[in-house]
Amino acid sequence: MSAAQTRGALDGVKVLDLSSVFMGPMASQHLGDMGAEVIKVEAPEGDLTRAIGPFRSPKMGAVFLSYNRNKRSVVLDLKRPEAREVLHRLVRQADVVLHSIRNPAAAGLGLSYDALRAVNPAVIYCHLKGFADGGEYQDQAAFDDIIQALSGLAMLQTAVASEARYVPSAIADKICGIHAAYALSIALLHKFRTGEGQEVKLSMFETMAAFNLSEHQWGHVFDPPLAGMGYPSVRAGLRRPCATSDGYIAFLPYSDKQWKAFFRLVDRPELAEGEFGTFAGRQKHWKELYGFINTEFTQRTTDEWMTALKDLDIPMSRVNDLEALETDPHLAAVGFWETLQHPTEGLLRFPANPLGLMGSPPAVRRMAPHLGEHTREVLAEHGFSSEEIARLLDGGVAAQHVAAGEAP
1 MSAAQTRGAL DGVKVLDLSS VFMGPMASQH LGDMGAEVIK VEAPEGDLTR
51 AIGPFRSPKM GAVFLSYNRN KRSVVLDLKR PEAREVLHRL VRQADVVLHS
101 IRNPAAAGLG LSYDALRAVN PAVIYCHLKG FADGGEYQDQ AAFDDIIQAL
151 SGLAMLQTAV ASEARYVPSA IADKICGIHA AYALSIALLH KFRTGEGQEV
201 KLSMFETMAA FNLSEHQWGH VFDPPLAGMG YPSVRAGLRR PCATSDGYIA
251 FLPYSDKQWK AFFRLVDRPE LAEGEFGTFA GRQKHWKELY GFINTEFTQR
301 TTDEWMTALK DLDIPMSRVN DLEALETDPH LAAVGFWETL QHPTEGLLRF
351 PANPLGLMGS PPAVRRMAPH LGEHTREVLA EHGFSSEEIA RLLDGGVAAQ
401 HVAAGEAP
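So the sequence shown is numbered by the numbering used here: it starts at 1 and just counts up by one.
Read the hints as simulated data drawn from the structure, not as lab findings.
Any given hint might turn out to be false.
Claimed, not checked - Listed next, with one range per pair, are the computed distances between beta-carbon atoms:
| id | residue 1 | residue 2 | range |
| --- | --- | --- | --- |
| 1 | ALA332 | ALA115 | 44 to 54 Å |
| 2 | THR194 | ALA118 | 49 to 59 Å |
| 3 | HIS88 | GLY195 | 43 to 53 Å |
| 4 | ALA105 | GLN217 | 31 to 41 Å |
| 5 | ALA105 | ALA51 | 19 to 29 Å |
| 6 | LEU226 | ASP246 | 36 to 46 Å |
| 7 | PRO81 | PHE336 | 26 to 36 Å |
| 8 | ALA332 | GLY274 | 41 to 51 Å |
| 9 | LEU312 | GLY356 | 25 to 35 Å |
| 10 | LEU355 | ALA51 | 43 to 53 Å |
| 11 | LYS257 | GLY195 | 49 to 59 Å |
| 12 | LEU312 | ALA105 | 34 to 44 Å |
| 13 | ALA115 | ARG318 | 16 to 26 Å |
What the hints assert, rightly or not - Computed list of lysine-lysine pairs in BS3-like fashion (alpha-carbon distance at most 27 Å, straight line):
| id | residue 1 | residue 2 |
| --- | --- | --- |
| 14 | LYS260 | LYS201 |
| 15 | LYS201 | LYS174 |
| 16 | LYS14 | LYS257 |
Just so you know, even glycine gets a beta-carbon here, dropped at the ideal spot from N, CA and C.
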């Protein structure tokens with residue numbers, strides 16, 4: 001691997017990340033994986049996720065470790081005017097600043113686009129919010145559950161449950177975090193070409209509403225509507241993994257040829273000659289089709305179905321629980337897992353970044369930092385003298401992590 005590949009495509013890009021929890025940290029971690037230098041600016045209490053999940057050391061919880069590799073941590077108490085002056089000195093050298101603080105609080109901390117652009121006219125300023133400006137929700141708090149509810153995702157679950165339910169994953173945060181990394185990559189490309197920074201706005205509600213409506217807008221794509229909303233077969237209550245005699249299997253023939261092969265397999269070839277034989281017919285009679293499938297699959301074991309369907313080249317898979325992913329033979333073969341030694345937290349195992357960039361692959365260059373682990377180091381790099389740094393630390397404006405056995 002060449003030196004350029006080792007450094008990553010975004011080598012030399014400087015990112016100040018003032019965000020917390022999931023969305024912003026996911027975005028900045030993607031940039032860090034691609035070689036950007038990410039400085040995580042934290043409040044004295046640290047990112048909330050430091051306390052989430054099992055841990056070996058205080059404030060180094062499992063969730064924090066999963067979202068904050070390839071970053072250095074600086075602690076600044078931005079409620080103090082002196083800390084804002086320090087931040088401005090960091091902003092002067094930054095390509096990107098991102099945060100997830102709501103408008104009123106951000107303005108009070110001097111974190112508006114106008115304020116930071118005055119410090120660095122070429123900065124890319126990314127504000128991650130629950131809601132876009134201009135609407136009645138614009139200053140409301142938003143977390144993943146709230147966005148799942150507002151965007152229609154929780155109600156979509158009523159198709160398979162008797163009540164509205166949240167998807168058991170921080171899905172809105174993660175999807176929006178990936179969108180933010182995508183938007184920032186485009187803004188960086190624009191800056192590389194023109195030298196211009198810009199304001200990047202990424203709001204969760206609008207992003208997830210667009211995400212959910214992609215196929216479910218259905219007949220309302222037309223004005224006036226030609227049909228109701230919701231992709232019928234996707235929302236079908238019977239659309240679920242099929243129970244076999246000893247477990248579950250996922251099964252999705254799509255072409256007429258695949259369905260014909262399946263009907264032959266279960267000794268019902270005549271079904272391919274009727275309504276089930278065409279895509280239009282299957283769409284029209286999806287309830288009856290799913291009912292037939294779910295009954296048929298109980299007649300054999302999962303292994304028997306896997307063998308029979310593979311021979312017919314029909315899309316299918318086992319239904320894994322989370323623990324099964326750790327021993328999945330395909331994931332092991334393609335190098336999905338990375339096992340790395342953290343300087344203080346021991347051996348850690350993570351999914352590798354899945355982006356397959358052969359010329360500039362993502363890589364882990366730093367493990368997740370302790371709270372304030374790099375405060376002295378980063379301030380010195382930005383021109384602060386030893387005396388200035390000592391004064392900031394002694395006054396509580398900044399804080400430095402002290403490792404076990406080290407003098408403060």
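Verification of the hints:
1. ALA332 <-> ALA115: 44 to 54 Å: The hint (44 to 54 Å, Cβ to Cβ) holds, given that ALA332 and ALA115 are roughly 49 Å apart.
2. THR194 <-> ALA118: 49 to 59 Å: violated (20 Å)
3. HIS88 <-> GLY195: 43 to 53 Å: Cβ of HIS88 to Cβ of GLY195: about 21 Å, so the range 43 to 53 Å is violated.
4. ALA105 <-> GLN217: 31 to 41 Å: holds (35 Å)
5. ALA105 <-> ALA51: 19 to 29 Å: Since the Cβ atoms of ALA105 and ALA51 sit about 21 Å apart, the hinted range of 19 to 29 Å holds.
6. LEU226 <-> ASP246: 36 to 46 Å: holds (44 Å)
7. PRO81 <-> PHE336: 26 to 36 Å: violated (47 Å)
8. ALA332 <-> GLY274: 41 to 51 Å: At roughly 44 Å between Cβ atoms, GLY274 and ALA332 fall inside 41 to 51 Å, so the hint holds.
9. LEU312 <-> GLY356: 25 to 35 Å: This hint holds: roughly 29 Å between Cβ atoms.
10. LEU355 <-> ALA51: 43 to 53 Å: Violated: the Cβ-Cβ distance is about 30 Å, outside 43 to 53 Å.
11. LYS257 <-> GLY195: 49 to 59 Å: Holds: the Cβ-Cβ distance is about 55 Å, inside 49 to 59 Å.
12. LEU312 <-> ALA105: 34 to 44 Å: At 58 Å between Cβs, range violated.
13. ALA115 <-> ARG318: 16 to 26 Å: violated (54 Å)
14. LYS260 <-> LYS201: Measuring from Cα to Cα gives roughly 49 Å; hence the hint is violated.
15. LYS201 <-> LYS174: Holds, at about 16 Å.
16. LYS14 <-> LYS257: Violated, because 53 Å separates the two Cα atoms, which is more than 27 Å.
Hint compliance for this structure: hints 2, 3, 7, 10, 12, 13, 14, 16 are broken, all remaining hints hold.
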